[in-house]
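Trainee: The primary structure of each chain is shown beneath.
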Amino acid sequence: MPFPIEVESLKADFKVGGERVSALKGVSFRVEEGSVVGFLGPNGAGKTTSIHILLGFVDFTGGAARLFGEDVRRQSARSRIGYLPEHPESYRFLRGEELLRMSGRLFGIKGKELRNRVEGVLERVGMQSAARRFIGTYSRGMMQRIGVAQALINDPDLLILDEPTGGLDPVGRLAMRDIIAELKQDGKTVFFSSHELSEVERVCDRVILLRAGEKVAEGGIDELVAPGESLEQYFIEQVCASGGRAVQ
Amino acid sequence: MTAVLVLAGVVWREMLRKKDLYVLALLLVALTLLLLTVDTFGAKNVSRYLLDLGLLLIWLLSIVLAVTFTARQIPEEEKRGTVFPLLAKPVSRWQLILGKWLGCWTASVSATILFFVFLLAVVYLRGGEVDGLALIQCAALYAVLLGVIAAITLALSARMTYGAAATTSFVLQGAVFMLVPRIPTLVGYEQGLRRSALMVLYYLLPHYELFDMRRRLVHEWGAIPWSAFGLIVVYGIVLTAFFLLLGWAAYRRKLFRRGEAL
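In order, the protein sequence lines correspond to chains P and X. Under our numbering, the residue at position 213 of the first sequence is numbered 213, and the numbers go up by one with no gaps. Under our numbering, the residue at position 49 of the second sequence is numbered 49, and the numbers go up by one with no gaps.
If you're looking for bench data, these hints aren't it; they were derived computationally from the structure. Ideal Cβ positions, reconstructed from N, Cα and C, are used throughout, including at glycine. Keep in mind that a hint or two might mislead.
[As the list claims (entries may be wrong)] Distance windows between CB atoms, simulated:
no., chain 1, residue 1, chain 2, residue 2, range
1, P, Glu113, X, Trp221, 34 to 44 Å
2, X, Phe118, P, Val16, 49 to 59 Å
3, P, Glu113, X, Gly222, 48 to 58 Å
4, X, Ile237, P, Arg92, 52 to 62 Å
5, P, Gly136, X, Thr2, 20 to 30 Å
6, X, Leu31, P, Gly136, 26 to 36 Å
7, X, Ala164, P, Glu89, 18 to 28 Å
8, P, Glu32, X, Asp20, 17 to 27 Å
9, P, Arg92, X, Leu120, 35 to 45 Å
10, X, Lys19, P, Met1, 31 to 41 Å
[Said to hold, decoys possible] Taking lysine to aspartate or glutamate and the EDC-like style, the derived pairs with C-alpha atoms no more than 16 Å apart in a straight line are:
no., chain 1, residue 1, chain 2, residue 2
11, P, Lys15, P, Asp59
12, X, Lys79, P, Asp13
13, P, Lys25, P, Asp71
14, P, Lys112, P, Glu86
15, X, Lys254, P, Asp59
16, P, Lys15, P, Glu33
17, X, Lys79, P, Glu86
18, P, Lys184, P, Glu33
19, X, Lys254, P, Glu89
20, X, Lys18, X, Glu76
21, X, Lys254, X, Glu76
22, P, Lys184, P, Asp157
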């Protein structure tokens, strides 16, 4: 049975302003089916680059990355995933339900099934009443929820969420936590990056910690964090261990 | 193909819900109504005069529409960040390019047809007549030309910002419109390397004048032979395909926000 995410010795080098930057220096990890995995690290650690590689936005320079056993560079590798970007902006000239119909059609869903899926995801994220409004009129929290809805439209087996609670108020964070918990109950695999370590502690089975393009820790929160210590303390210790910069 | 059509549909929704088209349509109506006043100066054949200037206006306005609308598609996707959830779906960059082009082209052509209908109504109201077959050929060749212009603009926008792509495209379209038909004359004044360079340019640059049937329509010279019409259409399709491929080649390995891959 292939892993939802499998990354082996992944390397990514970029030229930024004429200078060579190694964003990933041989990172390896696997994400098991049905698990909720937090992908942590300070800014510039390589989290978003890893996610962008998994989604095929960025080419890697070494190693391998697979989704459900398929090379991430193949278009079909993305058929079983849902993705919520870091700043979920959307087409402001579309209505919420139009965005969802469009997203569904891109997965080849149509007709009655599409209608049912749209209603289902709108209900799941609590956006039925705003579905006919233009996205341009949505608040930040609503934008996040419609972003989650479009990520769920294909009933994905793997959800990749980039900072899903970033910029949300406590109510929005709670709603997002509930959605992730529901997805976990449904047996979905959730892989998300976050700086909100208390959220990670609440919902994740495992965490992967990156620092300067390298994996520095991986495991269950109970395995990594000593009794009486918080994930935040552990994170700061790990990030600062070799002169890294902790993110508040 | 579904993905291409879905993406083209989004472009259409954008055009209908933003103001560009309506502004241009109002401008066309206002300018045409202004042209109607030429009658007060006692000009003969006012309907032919109206047709001539109206066709020129339609050319200019639909090129403005096609360029401004196409130039912003890809840069806006990136600026908004909507390109990320889009490409995270089973949508290839080639489908994205093709869908954007299809949406922009069909939207520009539809707007142009509306402009044509309006102009014809005005011309007929002033007692003028237009050769139906020549009109169909004129509109069809213009539609093909809009496809070429949209493809060039899209190719530029694959690596440029909206403003840069639109400006470069306008300059390029203007240069091609004005320079290419004059190159044979210029060749007569040059010798040696300059002459050869001009000839190379002449054969390399697109020939928009081939798509221009305005004079035939205005001066009632009639339709062109279907064989010639067919060849021009094929030429337009080849140009469009070439620039779309160029756009795809520029876009297929483009990194978003993260520098250039080594």
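Trainee: If a hint holds in the structure, say so; if it doesn't, say that too.
Mentor: Here's how the hints hold up against the structure:
1. P:Glu113 - X:Trp221: 34 to 44 Å: violated, 56 Å
2. X:Phe118 - P:Val16: 49 to 59 Å: Given about 51 Å between the Cβ atoms, the range holds.
3. P:Glu113 - X:Gly222: 48 to 58 Å: Once the Cβ atoms are compared, 54 Å apart, the range 48 to 58 Å for Gly222 of chain X and Glu113 of chain P holds.
4. X:Ile237 - P:Arg92: 52 to 62 Å: violated, 34 Å
5. P:Gly136 - X:Thr2: 20 to 30 Å: Holds, at about 26 Å.
6. X:Leu31 - P:Gly136: 26 to 36 Å: For Gly136 of chain P against Leu31 of chain X, whose Cβ atoms are near 32 Å apart, the range 26 to 36 Å holds.
7. X:Ala164 - P:Glu89: 18 to 28 Å: holds, 22 Å
8. P:Glu32 - X:Asp20: 17 to 27 Å: Violated - the Cβ-Cβ distance for Glu32 of chain P and Asp20 of chain X, about 50 Å, lies outside 17 to 27 Å.
9. P:Arg92 - X:Leu120: 35 to 45 Å: About 36 Å separates the Cβ atoms of Arg92 of chain P and Leu120 of chain X, which means 35 to 45 Å holds.
10. X:Lys19 - P:Met1: 31 to 41 Å: violated, 53 Å
11. P:Lys15 - P:Asp59: Distance ~13 Å between Lys15 of chain P and Asp59 of chain P Cα, so the pair holds.
12. X:Lys79 - P:Asp13: violated, 24 Å
13. P:Lys25 - P:Asp71: Outside the cut-off at roughly 19 Å; violated.
14. P:Lys112 - P:Glu86: violated, 31 Å
15. X:Lys254 - P:Asp59: holds, 9 Å
16. P:Lys15 - P:Glu33: Distance of about 35 Å is beyond 16 Å: violated.
17. X:Lys79 - P:Glu86: holds, 13 Å
18. P:Lys184 - P:Glu33: Given that 16 Å is the threshold and the Cα spacing comes to 10 Å, the pair holds.
19. X:Lys254 - P:Glu89: violated, 20 Å
20. X:Lys18 - X:Glu76: holds, 14 Å
21. X:Lys254 - X:Glu76: holds, 15 Å
22. P:Lys184 - P:Asp157: Holds: Lys184 of chain P and Asp157 of chain P sit about 10 Å apart, inside 16 Å.
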